[in-house]
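Student: Each chain is listed here by its residues.
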Amino acid sequence: MRLLNIKNLKFLHCGPVNLQVKATEITGLSGASGSGKSLFLRTLADLEAHEGDIVLDDLNQQSIPAHQWRQKVALLSAETSWWFDTVAEHFEVLSEKNLAALGFTKDCMQWSIARLSSGEKQRLGLLRLLQNEPEVLLLDEPTANLDKHNTQLFEEFVMQYLEEKSASAIWVGHDHEQLKRLSVNSYVMADGGMVNVD
Amino acid sequence: MEEWLMLIELSAFDLALAAILVLLLGVLSASMKLGITRQLYIAAARTTVQLLLVGLVLKSLFASTSMAFILIIAIIMISVAGWEILSRQKRKLKGWWGFGVSTGSLFVSSFLITLLCLFTIIQADPWYSPQYAIPLLGMLLGNTMTGIALGMDRLLQNAWQQRPVIEQRLMLGQTADESIADIKREAMRAGMIPIINSMAAAGLVSLPGMMTGQILAGAAPVEAVKYQILIMFMITAGTGLGVISVLWLISKRLFDERERLCFKRLLK
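Chains A and B are the protein sequences, given in the same order.
In terms of my numbering, the first sequence opens at residue 34 and continues consecutively.
In terms of my numbering, the second sequence opens at residue 2 and continues consecutively.
What the hints contain is simulated information worked out from the structure, not anything from laboratory work.
There may be inaccurate statements among the hints.
[Claimed, not checked] Within a straight-line C-alpha distance of at most 30 Å, the following computed DSSO-like cross-link-like pairs (lysine-lysine) qualify:
(1) B:253 - A:105
(2) A:105 - A:40
(3) B:265 - A:105
(4) B:269 - A:40
(5) A:154 - A:198
(6) B:91 - A:43
(7) A:43 - B:34
(8) B:95 - B:60
(9) A:198 - A:55
(10) B:227 - A:43
(11) A:130 - A:198
(12) B:265 - A:43
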């Protein structure tokens with residue numbers, strides 16, 4: 034049974050946070066802007082200085098090089114960045130099945146980055162991230178720019194990925210209905226701590 | 002001496018004429034709000050004063066035979082060049098790192114190469130003979146500092162502007178080195194363009210000053226050309242080494258031990 038175990042985590046002015054995320058489960062996280070949700074996800078990906086332990090199964094975050102950790106515990110930020118001219122250049126492995134599941138055809142690989150909408154960037158950003166086959170997904174408002182149809186595709190796709198890889202996810206969002214629908218546990222971040230709202 | 006070799010003396014008026022051109026450039030730049038005027042005037046004033054002063058002492062400098070004295074001069078030259086590199090930067094590393102990186106890279110790129118050249122190629126006796134050591138070091142420093150300043154500026158500016166891209170690449174599990182590789186390549190190119198231009202244009206577009214001076218002063222043209230080629234290669238190797246060491250040191254400094262981008266190590 035795969036488990037992400039967060040023990041006494043302190044970062045910036047937040048914490049201590051204790052949290053366990055089990056395989057195939059989604060943990061929901063909401064809270065006011067500036068409450069530290071994104072910072073929390075960045076900390077889990079070891080992009081921010083912190084104290085306390087973050088352990089995936091028996092693997093402590095600090096025991097492997099940071100880039101290897103980030104391949105396992107992968108962060109999809111609210112705004113994705115793209116540095117080449119076309120979509121295809123950002124992909125090494127391409128699954129047409131995954132593309133189709135998120136409503137794309139193979140043609141999208143030839144698209145130039147400049148013409149991508151923010152919603153397309155979010156969906157393609159997820160596919161790009163999944164090339165590493167991460168074991169934990171940290172999703173920062175991943176459907177904020179998606180319409181209803183694409184939001185549904187996105188949700189189903191993530192659920193299916195977690196099932197297939199027995200991976201887990203932390204989903205940050207503002208839509209309480211959505212978090213309720215998706216997550217096993219739901220938390221609100223406030224005053225530097227996390228409160229269970231189930 | 003043949004007539005064309007006679008030095009035509011420049012009058013104060015001649016110099017004033019050239020100075021007016023620089024002055025006009027400053028006015029033009031100010032009126033177009035291009036913001037380089039102050040720097041331009043200061044540099045022009047400095048070049049006048051510094052060259053006058055060094056012109057006065059150069060003869061006695063070249064007559065000196067004390068190794069310690071020559072070394073002190075060399076250290077002063079390197080420190081000043083390091084300081085100038087730093088002054089050209091829009092973003093700098095905090096504390097002694099900025100000066101340390103630029104001066105350290107000049108040491109590798111200019112001082113060591115000059116030593117190598119003095120010992121193995123020129124073999125003057127003694128090796129620190131000032132009429133070889135000082136101009137050689139000077140030419141190397143003058144040229145490599147341009148390359149290093151450009152490479153450093155490009156690296157820090159681009160890293161600053163492309164912060165989201167660097168962090169995105171880290172999120173995708175790339176190493177710190179991989180995440181900044183493209184920016185480093187850009188910076189290397191920026192640093193090397195001036196010397197590559199000089200080499201490509203030498204003889205066809207530009208007549209390098211040292212060679213021309215030697216020939217005008219009566220040296221055999223082939224000998225002067227050989228010296229010039231030697232200098233060009235030294236400058237190229239020096240610039241390359243200098244830019245590479247700067248890029249290496251700075252990009253190490255931009256990340257912490259957990260491969261996180263550390264902009265708090267830059268001056269605001």
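Student: Check whether the Cα positions of residue 43 of chain A and residue 34 of chain B lie no farther apart than 30 Å.
Tutor: Cα-Cα ~48 Å, so violated.
Student: Next pair to validate is residue 265 of chain B with residue 43 of chain A; report whether the Cα-Cα distance is within 30 Å.
Tutor: 20 Å, holds
Student: Starting from residue 269 of chain B, check that the Cα of residue 40 of chain A is at most 30 Å away, please.
Tutor: 35 Å, violated
Student: Between the alpha carbons of residue 265 of chain B and residue 105 of chain A, is the straight-line distance 30 Å or under?
Tutor: 27 Å, holds
Student: For a C-alpha distance cap of 30 Å, please report whether residue 95 of chain B and residue 60 of chain B respect it.
Tutor: 40 Å, violated
Student: Below or equal to 30 Å on CA atoms is what counts here, so check residue 198 of chain A against residue 55 of chain A.
Tutor: Distance of about 12 Å is within 30 Å: holds.
Student: Between residue 105 of chain A and residue 40 of chain A, is the straight-line Cα distance small enough, at 30 Å or below?
Tutor: Given that 30 Å is the threshold and the Cα spacing comes to 18 Å, the pair holds.
Student: Does residue 130 of chain A pair with residue 198 of chain A here, judged by a C-alpha cut-off of 30 Å?
Tutor: 16 Å, holds
Student: Is residue 227 of chain B within 30 Å of residue 43 of chain A, Cα to Cα?
Tutor: 65 Å, violated
Student: Measure nothing beyond the straight line between the CA atoms of residue 91 of chain B and residue 43 of chain A; if it is 30 Å or shorter, mark the hint as holding.
Tutor: 35 Å, violated
Student: Quick one, are residue 253 of chain B and residue 105 of chain A close enough, alpha carbons at most 30 Å?
Tutor: With Cα atoms ~24 Å apart, residue 253 of chain B and residue 105 of chain A stay inside 30 Å; holds.
Student: Going straight from one Cα to the other, do residue 154 of chain A and residue 198 of chain A come out at no more than 30 Å?
Tutor: It holds: about 24 Å lies between the C-alpha atoms, which stays within 30 Å.
The structure is inconsistent with the numbered hints 4, 6, 7, 8, 10, although it conforms to all the rest.
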